[in-house]
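With the hints in hand, could you dock these two chains into one complex?
Same order as they appear, the protein sequences are chains B and L.
FYI, the numbering for the first sequence is 21 to 583, going by the working numbering.
FYI, the numbering for the second sequence is 377 to 438, going by the working numbering.
Just so you know, the hints here were simulated from the structure itself, not pulled from any lab data.
Backbone N, C-alpha and C fix where the C-beta goes; we use that ideal spot for every residue, glycine too.
Do not take every clue at face value.
Here are the in silico distance ranges between beta carbons for each label pair [to be verified]:
#1 Gly235(B) / Leu405(L): 31 to 39 Å
#2 Ile522(B) / Phe415(L): 53 to 61 Å
#3 Ala433(L) / Phe526(B): 55 to 63 Å
#4 Trp236(B) / Phe415(L): 23 to 31 Å
#5 Phe431(L) / His411(B): 37 to 45 Å
#6 Ile227(B) / Ile401(L): 20 to 28 Å
#7 Ser408(L) / Val422(B): 39 to 47 Å
#8 Thr259(B) / Leu405(L): 53 to 61 Å
#9 Ser237(B) / Ala433(L): 38 to 46 Å
#10 Ile270(B) / Ile401(L): 51 to 59 Å
#11 Trp499(B) / Phe431(L): 29 to 37 Å
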Amino acid sequence: MVAVRDNYQLHMSLHFADYLIIAVYFLFVIGVGFIIKKKIRSSNDFLTSSRNIPLWITSLAFISANLGAQEVLGMVASGAKYGIMTVHFYWVGAIFAMVFLGVFMMPFYYGSRARSVPEYLSLRFDEKTRGLNAISFAVMTVFSSGISLYALAKLLEVILKWDFDISIWIAAGIVMIYTFLGGLTSAVYNEVLQFFLIVLGLSPLVIVSLHDSGGWSNMKNLLSPEMTHAWKYMGHTDTNPMGLHFMSLIFGLGFVMSFGYWCTDFLVVQRAMMAKNMKAAQETPIIAAIPKMLMPLIVVLPGLIAVTLMQPALASKGYSIPTDANGGTDFTMTLPSLIAHYYPTGLLGVGITALIASFMSGMAGNVTAFNSVFTFDIYQAYFVKKKSDNHYLFVGKSITVVGILLSIATAYVAKSFNNINDFLQLVFSFVNGPLFATFLLGMFWKRTTGHGAFWGLLAGTIAAALTHGLTVAEGKGGWIYNVYEVSSGMGQAFIVAGISWIVNFFTTIIVSLATKPKDPEELRGLVYSLTEKPEGQQKWNRQVIGLGLLLIVITIILNIIFF
Amino acid sequence: MYNKLSNLGFVIGIFFIIVSLILLIGGLLSESLSYPLNFYTGFAFLVFGVVMAVFSARKKES
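Just chain L, same shape as in the assembly (with noise of 0.2 Å):
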């Protein structure tokens, strides 16, 4: 897992993802975030921070 947390396009992917969390998940569960800019937005950082993660895991390992 450090080897992981040490590679930094993994934990640049990790950060994406959870932000775009925040902007997906919580675009569903409240009113006051469910714009379709936060929608559009969290989805495209969330392709960006699976890509950015698995790709960079993916080239550690290998």
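In isolation and in its complexed conformation, chain B is listed as follows (with noise of 0.2 Å):
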């Protein structure tokens, strides 16, 4: 979660060429809505756009919807605070579980005809497993479309001292249309522009500052080696600047976290499941996974650029980040005050509108993803079941206005008790991290039976509120009682995830041998062992495997590179 804070050192004032920009993106994302209105003929259009989206948008649109404002701003600031330890999070947290995915975990959620990952979870365990995650996911989609929309407007009022409220209400309304008339459509094209406009409208910051900071190179020789080597000081907790050591990173994040996001999140998978035909629903996630390792270029060497940029030798530069209330870095502002340093009016204004894309980009993702599992996987599944077709699509695209009040509230609820973005955060965390055991046992281990998949969830729920009731880091945990001390808060978030995932695994596995499994012919198209691949999907799934394996040799030399 990026924190937005008051940063009086940090303003931006924009010209009439800055607002055309802004005026020009509102305009084409809204106009996107109006012509995709006219294709929306059936609940299916709206909330899964009818499995009819060609593989290149499809696949822009997976890393897309990851693309929001946590991830720019994010990404940034950890890029300058920890360096290039960052590109773990995609050169080991992201590439093997997209690639595991499209390989071996598409087949299923697609080939099942499944409208959602819960409705999967109904087919291959039951519903009480599919309400607990519908639930848990509705939940947490509102309020993280709600921080988002928070943040969007905090931002603005810091950078730009635009008024909080109007901020919100525009952005909320914009989204609002667009998404109401196009549904999941409209919100997956425009998560495609937002991409072109984020690569395109960041590409001229990270060409200058770099060429400003004297190269890769004089970068290597500015900082110190902790921050330029992503592997050499994980031997230790204490020797580089994340606190992690590499055995609790490969697990915690590159297995427990990076699984259990790419694999198991519906707002990501949805993007897969809305290709034409298996093989393109194989290859989305495989194909966003190159632009996705090359992602660290736009979102973690600007980070990189900043800290050099402030080394005594390039002060003639005349760049630094702000700091905040109390004197500190305010890492967070690192993007926004590099756009302020180098940006002149017009690419301001693209620069800007790059910044509005991406936490719009983020609140559509969250209530596209919210309205299908509401309409699909609670109200459909357990309140009102044999309606008409068109009865759905009218709950579906009431319940997108209700999704986007919801984030509007959240997003008040956030300014007033600053504190909830963590609480959320914290929530979040213990429900996703079992997540991924669920369903690794669900489609390769036959015997798992629904009892199983549900109390080892809410095993594993309760077991990662433990872990952190019992750890402290930072200052924060520890609420039960202080038993052990982890020196970075990403190594607590590390150790809470894998905890949590192996109680979910045991407990399911343990009450799955205890209780009574389904018949193996209800399986079939669920199970990897219970389901047979036709003759030509054999051909096309060696393509697919080929490319997954090249990706995951070109990473793994990418991670030695910057060893």
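Structure follows, in structure tokens:
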């Protein structure tokens, strides 16, 4: 979670051309909504895009759903604070999981004809597992959307002195218009536009600031070695800025958190489920892994450049990261301060629009995932089962408006109680941490039962909360008793996720062995060992595996180069 | 025209062409926009926008 605080050193003045670019962007995103509106005829068109989206769009939407403001501002800030170790979130914490999703998990998500991840859980396990996942996911997405909205309004208030309330209502209003009109397709089309805007809008910043800092070789000369080596100083928690041991990183981030997010979070998986056919669905996360692999150039490198520019040898450049009210470095403001330092009028409008786009992209992604899960997995599953399609289309549209209004309410709660952001992020990690164990066992062990999955998930979530309550890091946690001190908050998050995963894994196995499994006939198409691959599928499956392996080899080479 | 507008590649191309024109023409007309960085970026956006729009429109027609 990026924490935007008041900062009186950073202020930008926009001119007519900057406002014009922002206005053009708003017109286009709303225009996309009106264009897509004509294609919306059923609830599936609105909530799932009727599985009719081309591969290049699903792939870019797949990473754009994750390219919200938390990612853009947060990763630049992390690059400035922790150095090149931030690339672990990409080269350890994303690519492997994305390839795994494409090769092994998409055949079940897509092949089962489920419309959502919770619906897959109902087919594979039972209704109570679906309900637990659907309700926790719906609550998380609507709060995430609200926090994203709050952060946008706060950022615009801090750097542009825009009114907080007006920013909230305009941003939420625009997202509401295009998601209400065009549903998921409209949100996804805008995510792709936002992807290009963020990448192309921030590229000039990387080029000019990198040139100013003297290039990578000069950065290595000026910065301390632990800032420019990704792995070399991870042998001990005291020797690297993140305070992490490499084993904790590999298991906590590289396995539990990464696979838990990329392989089970409906927000991203939904983008692959919109593909036209199984081949495209499998290729979506794998093609998306290519730009994801290169994303550190746009969101990590600027952070490293910013700290380089602050070294005494480059004092003549006149750049510094702003400080907060306590005099500490305000890393969250690294990207806005670089934009303010390098971008002239005109390009400044592009940079600000890119920032706004990243917030709106995150919000729209959450709202469209929320309305699908609410309509299909809560409303239709538990309340009103057999109504006409028009009824569910109406509910989907109505719940889009409700989702936006709840987001606005959350944004105002976050404004009044700033600590609620940390609290919500914490609760999210308790729920997400153990989730991958449920899917892994469900897809690859036919003996897993609905009772096993449900109690495993519950036990994992409780274990996550207890672990947090018994450990302390950077003054946080230990609300039950301080049993163990962790050197960094990130290390604590990895430990919490790791323990919750292990508890879920073993609880699911034990309860499954003690309860009656489903008839294997019911599990065809849902479990690996019970699913036959058609003749044609085997050929392109080899292509998908080949591409996935190639990306893994390139990722390993990148890790070695920046070791 | 509706077919072209519902083609995402075409829409993205047009968006970047408009932004590039604001940067390029604005830079020629107004001193406040006359910076080399605006010109270079505007030109890059123009090339990207034209390629995206033309390529997408042709692909759709074929």
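Subject >> Hint numbers not upheld by this structure, sorted from lowest to highest >> reply: Of the numbered hints, just 11 does not hold.
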